[in-house]
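S.K.: Kindly generate the complete structure, drawing on both the sequences and the hints.
As they're listed, the protein sequences go chains L and Y. Counting from 1, position 178 in the first sequence corresponds to residue 459 in the working numbering; the numbering is continuous, with no gaps. Counting from 1, position 144 in the second sequence corresponds to residue 162 in the working numbering; the numbering is continuous, with no gaps.
Treat the hints as calculated values from the structure; they're not laboratory data. In this text, a Cβ means the ideal position worked out from N, Cα and C, and glycines have one as well. Mixed in with the good hints, there may be bad ones.
As the list claims (entries may be wrong) - Sample of chain L residues facing chain Y (criterion: CB under 10 Å; computed from the structure): (1) Arg-355; (2) Ala-387; (3) Arg-478; (4) Val-514; (5) Gly-569.
Claimed, not checked - List of simulated lysine-lysine pairs, DSS-like, C-alpha gap at most 27 Å: (6) Lys-311(L) / Lys-226(Y); (7) Lys-311(L) / Lys-142(Y); (8) Lys-311(L) / Lys-232(Y); (9) Lys-40(Y) / Lys-142(Y); (10) Lys-337(L) / Lys-550(L).
Claimed, not checked - Chain Y is nowhere near these chain L residues, computed Cβ spacing over 10 Å in every case: (11) Ala-300; (12) Ala-357; (13) Leu-378; (14) Leu-424.
Given next are the chains, with one letter for each unit.
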Amino acid sequence: MAISLPEDSPQSFAAPNFAPRTQERQSLGKVFEIVCLVCLLIGLLVLALLLFDVIKDGFVRMLQPGFFTGNPSRLANRAGLRPALLGSIWLGALILLISVPIGVGAALYLEEYAPKNRWTNLIEINISNLAGVPSIVYGLLGLGIFNGLFRLGPVLLSGALTLSLLALPLIIVASREAIRAVPPSLRQASYGLGATRWQTVSNHVLPYAVPGILTGVIISVSRAIGETAPLIVIGAVGFTAANPDLLSRFMALPILIYDWVSRPQIDFKYASAAGIIVLMLLILALNGTAIYVRNRFSVFK
Amino acid sequence: MPMQTPDTLPYPSQDFAQSLQKKRSRNLQETVIAVVLLCCALVSILTTFGIVAVIFEVTAEFFQEVSFQEFFLDTRWTPLFADQHFGIWPLINGTVLIAGIAMLVAVPLGLASAVYLSEYAPPKLGSVLRPALELLAGVPTVVFGYFALLFVTPLLRLFLPLEIFNALSAGLVMGVMIIPTIGSISLDALQAVPRSLREAGYGLGATKMEVVTKIIFPSAISGVLASIILGISRAVGETMIVVIAAGQQPRLTLNPLESIATMTAFIAQVAGGDSPRDSIGYKTLYAVGAVLFLMTLVLNIVSNWIARRFREVYD
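M.R.: Quick look at the structure:
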């Protein structure tokens, strides 16, 4: 049977109307790759621009004497951030104290104790939905429960409790992943020697999972101390010159930055950029600690 | 060797009785610990219960003063003015407009980043670029707000007749903020597509781009869709960028050059003003919060559902 070949196609193996267009398709592919790379770089470029812009505007201001030790002021040039910095450090410490034991406990329960049934499933779905609730809604929760029902008012403890609830689902999810990564053989060996469940968990599972848990915890806490919206809602706005304590009104770095950004004077722009640098350094320091502690504790790896 | 008399045998001995007692107390300890851990897990249920109870209790009070009809049919939102109107639409309009702009940025950039990292980047480069991109997710939102108001807006005003506070800058910056959300989840979905599918494509003579767009992407579509919906939910719930850069003007408009207000921006604006517990201002907070909560909840549930329901399982 004679196959009619297109006039311009000398290859005998080509089917009718088959044009591989290899060259064309390859170059189209190259273009696609470059477009994808450019898209990726746009995101990174914006990040770089943002960091550059903030450092350019704020670095000199941050080094100005009195910036760390001074009180917030209506005069942009004199304004310092001591109460806000202390407030944020307090918040970070309290969130750690409150949400880490509860979060790790919940993760241990779900991974090591919980029976596979409808209730466990409900708790799991609930946690993943909580992780998606907008932060400002946690603010409404804090305003209603801690400020209102417990009559705490807009104080540091109320803010810390609110942010702890916000960090909790993130901590649970991260801790569960770390616990799940512990090899089952470790547990079986422990049970085989007659250890009880808690002995297995506390002596073998937890130590092995600590580095992973820590990483997740620190990321969650640093996200929580960078949160502004819930603190605005529970009423942590306005000037307080006093150093914060548990039951006093308080400021936090993101709140102070927000306050400064909203003022029209150019000097406040520099002050807010400087505040941003301090906030980012605080978060960076937290992450640095996490990496240090993780390496220090990871004896099993 | 003489047989031991029964009373010197190890069983049943004093020791054994003691160890039995110890075992009993250990059992008690085990139970107590299990209960304590269960209570930790129940805190999350309590949180959800708290959110729902607080929000809907106050919202119910709100609807005793304002009718459903007014809330959902009126087109003006002026709860704090003398001439009060409680139409939620301008706030929803603002929220949708900003989220729309953000998704126009985040979807193409996030997906393209994921495709590049999953398919093209050499492993070493990828292991640097991915964490760098995820750094974007670690930047506090107030910082993005600063960037939108004091860098992006002045820049755009060189070409466009923008108001100082406008939806465009806020939306663009929010889009960049959401890139890692969409990027990371899509990346995981793309990487879960098995090698054999790719190789089948190459075996048929497809180019890399054809394999990516016609085989890998469709195979990962459930993860990709889930990531996009999660991104929308993030955009709807984001507060600080909007409060700082988009202003506080509740308007029914699709013009991105104007100042608008979102649901979150309204909550932040009013809550910062210390409304007393019984005022209508306080109650509107929760009514708007309820709409916001339900919207994000539905989005999250749909996202989870798609991820689970349409996941292709390869084995």
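S.K.: Going through the numbered hints above, which ones does this structure break? Give me the numbers in ascending order.
M.R.: Numbers 1, 5, 9, 14 - these are the hints that the structure violates, sorted from lowest upward.
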